[in-house]
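Residue 41 in the UniProt record's numbering sits at position 41 of the sequence shown; the count goes up by one each step and never skips.
These are calculated hints, taken from the structure and not from any lab test. Be aware that one or more of the hints could be misleading.
[Said to hold, decoys possible] Pairwise CB distance ranges, derived in the manner of DEER restraints:
1) E330 - E294: 46 to 52 Å
2) G227 - Q400: 33 to 39 Å
3) E330 - K508: 38 to 44 Å
4) M207 - Q400: 21 to 27 Å
5) L549 - V334: 42 to 48 Å
[As the list claims (entries may be wrong)] DSS-like, lysine-lysine: derived pairs with alpha carbons at most 27 Å apart:
6) K235 - K203
7) K182 - K243
8) K287 - K146
9) K102 - K161
10) K420 - K508
11) K605 - K590
12) K243 - K203
Note that the structure is predicted; figures quoted are calculated from it, not measured. For each residue, glycine too, the CB sits at the ideal point set by N, CA and C.
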Amino acid sequence: MLECRACVSRAIRAIASDGQYGAAALTRPLAFTPHIIASRPQRRRLATVVERDAPAQDALSVLEPVERPTVEQNSHRRAGKMVIANEKALRKELDYLRDPIKLADHVNYTLRSNMPDKALDLCRLASRNMTCTVSWNHVLAWQMQKGQVTKAMDTYNEMKKRGQFPDSYTYMRLLTGFSHHKEHVTKAVSVYHSMSSPTSRVKPSIMHTNAALRVCSLAQDMDALWGIVSKLPEKGANAPDSKTYTTILQAIRHNAMGNEADPSQMARQRNDAVNEGRRIWQEIITKWRNAELEVDEMLVAAMADLLLISRRMQDWDDVLSLVQQTTKLERLVVPFNERATEHVPRPAEDGGDAEHGIILVDDHEGFMPTPSANAFKPVTAAARDSDRSRKSRGGLAWVQPGNAILSILIRACSLMRTPKTANAYWDTLTSAPYNITPDVANFHNLIRLLRNNRSSVRVSHVLQRMHGELGMQAIPVTYAMAMSVCARDHKNPNVMDIAESIVGDMEKHLHYPDAQTLEAYFSLAHTRGNGPEIIHAVNRIQALLDKMLSSPNDSQRKVYDGTHGTSLEYTAIGLYQSLIGAVNTLLSRKLIPNDAIAHWEDRRKALDADLSSVKFRLDSTKQRLEVRRKSDINEKEVKGLRKEDNIAEAKLKWERGKRSVERGSAVAAAAEERGERLVGKRVKRPQVGARKVRPFRVKDKNAPKKKDGFADLPGELGM
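Start from the sequences, fold in the hints, and give me the full structure.
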């Protein structure tokens, strides 16, 4: 047996290489084949120890690991090629992610960390050993959320090619993502119809149908929408539900808005849409009476919104009948065709324009009696068989009124000019047993109703309830709408006191007053033409301006644009100009005593100086923002150039390394053919008949010479 340790190791490696030679030779290039395989037929029988650097050996083979880039088939879809180091790191991560749930959570975390390429690589590598459809769904959803529709479709196709079959959530995420990109409605319809193919493993449910209908509705593609609706069954699991009908009614409404440049065509188009909605509502009520469909508040609101786009009084009045039919809330006014006193029509501006007037005759532009005209009559539950469930025999499931129904009632009463009915509905729904808490949209609809009826006194109470009793967050548009009510009621002798209370409430709840509201307040005082009221408005607004400009909390200033100033400075400029105009009005109309003319002239000069100061500050702000914008652009350009230089340098280094490896491989192959060994960068020729290789020593020229042949150390030399 061999006693030398080196000989034993060499023999074992030679034996172990026999089983790996065939497979290794097929998987590695010939240029990278180690010398021990290429020189096996010429191996010497003498065990000569040769000096060499021991390479890192694999566990089952003597083949040295070769560093080479991984071939990526979809490199044009990625940010870059996945090198072998990244692949090894990802495989190491997958060793700890053998559970598909943990893998999905990790992929979702990787996407939240803004590393989509890594998440996609994890899904690709994991697809070889497990089913990871959920992980692919996370990648699809992330790409759709970022607006990368083309990449999402590529990922969807790649997912199927890798044996990961899409599930119901995959299609749902795709269709939901398409709703934010209406230009891809064709792709959405194609994906939806692919689910109905015989080879599809997932059949479309009503949720997928609703998502596809929403895409068609937002894109206003009614042909695609009706193509999907025509294939829905009347009964069963995939029958239309309340959300389906809501989407259809909303699509009809959006498609019927028409072009306002042609009033006659727009009116005709809206009337046709309302008639179509009435026919659909008859189908809804039939299914509701038979307990085949559940009607909710959103469906009622969608039908009411469709009725309110009409220009016909009958359609507006049917909103009240619709609410009575579905909620069992009795009408607080008699129907349109039964009342003795007609509604107050909106005055026609041109005298003969049917769009602005109310059409009460039965013509092609008005309301024609049809079977669908009775679509909003009160209903009762249909007769049921004895085998129906106990729940079905209990009666109809009435809709519980909410904020949406309150809004449509106020809007309908506002169009019909019945403020008392609107107030009655408001009081009924906000008290027991309904106890609806009005939201911002409800209050805004109420303020619009008050503006039509010039109810400036009540609008101040509405603001006090919003911000005092209910504690709602104040927004500028609310005060602007409230001030518009006062502007419409400018003949009221107490309107300036009401406007003053609105400004006081705004000053209390907003950090910076709204410029539009202050402009309307100033315009109201100017319209009334009362000198003391104009003077009071000037003093009030100037006090607000001084408070705004002297506020130490400059962090609340909002920047409108990168090239413009702040909203505070623009507000101040507009208000200063209004103040100067008001002072000029006082002086030109002689609304002030003669002894106060000098005072107001000096005050006008002071206002001019303040205006110039604010403009100078605004110009300085513009210059600073412009300089900052240019510096940001220059910095981005420099970063881009640096990035391009780094990429070019990395490519150059990679090419140099590749050429170096090729040259080394050629030298190694030539040395092997001559029977020589390549150790490092030196060529070692075989020494025939030699047992040992003498150790290589570097001679020191300064070392003393030995006097005999036996001394090996300097201390033993004879000096």
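Comparing the hints with the structure gives:
1. For E330 and E294, the hinted distance range of 46 to 52 Å is not satisfied, since their beta carbons lie about 23 Å from each other.
2. The beta-carbon spacing between G227 and Q400, approximately 35 Å, falls within the hinted interval of 33 to 39 Å.
3. Taking the beta carbon of each, E330 and K508 are about 40 Å apart, inside 38 to 44 Å as hinted.
4. One distance hint, 21 to 27 Å for the beta-carbon pair M207 and Q400, holds here, with the actual separation near 24 Å.
5. Separation of L549 from V334 is about 57 Å and departs from the stated range, judged on CB atoms against 42 to 48 Å.
6. For the hint linking K235 to K203, the alpha-carbon distance of about 16 Å falls within 27 Å, and the restraint holds.
7. At most 27 Å may separate the alpha-carbon atoms for a hinted pair to count; K182 and K243 meet this at roughly 20 Å.
8. Only pairs whose Cα atoms come within 27 Å are accepted, and K287 paired with K146 is rejected, the gap being roughly 40 Å.
9. Proximity of K102 to K161 is assessed by CA-CA distance (about 23 Å); at most 27 Å being required, the pair is judged to hold.
10. Taking the CA atoms of K420 and K508, the gap is about 31 Å. The hint is violated against a cut of 27 Å.
11. Proposed proximity of K605 and K590 is supported: the alpha carbons are some 18 Å apart, at most 27 Å.
12. Taken as a hint, the K243 and K203 pair is honoured in the structure, with Cα atoms around 19 Å apart against an allowance of 27 Å.
The structure does not agree with the numbered hints 1, 5, 8 and 10 stated previously, though it agrees with the rest.
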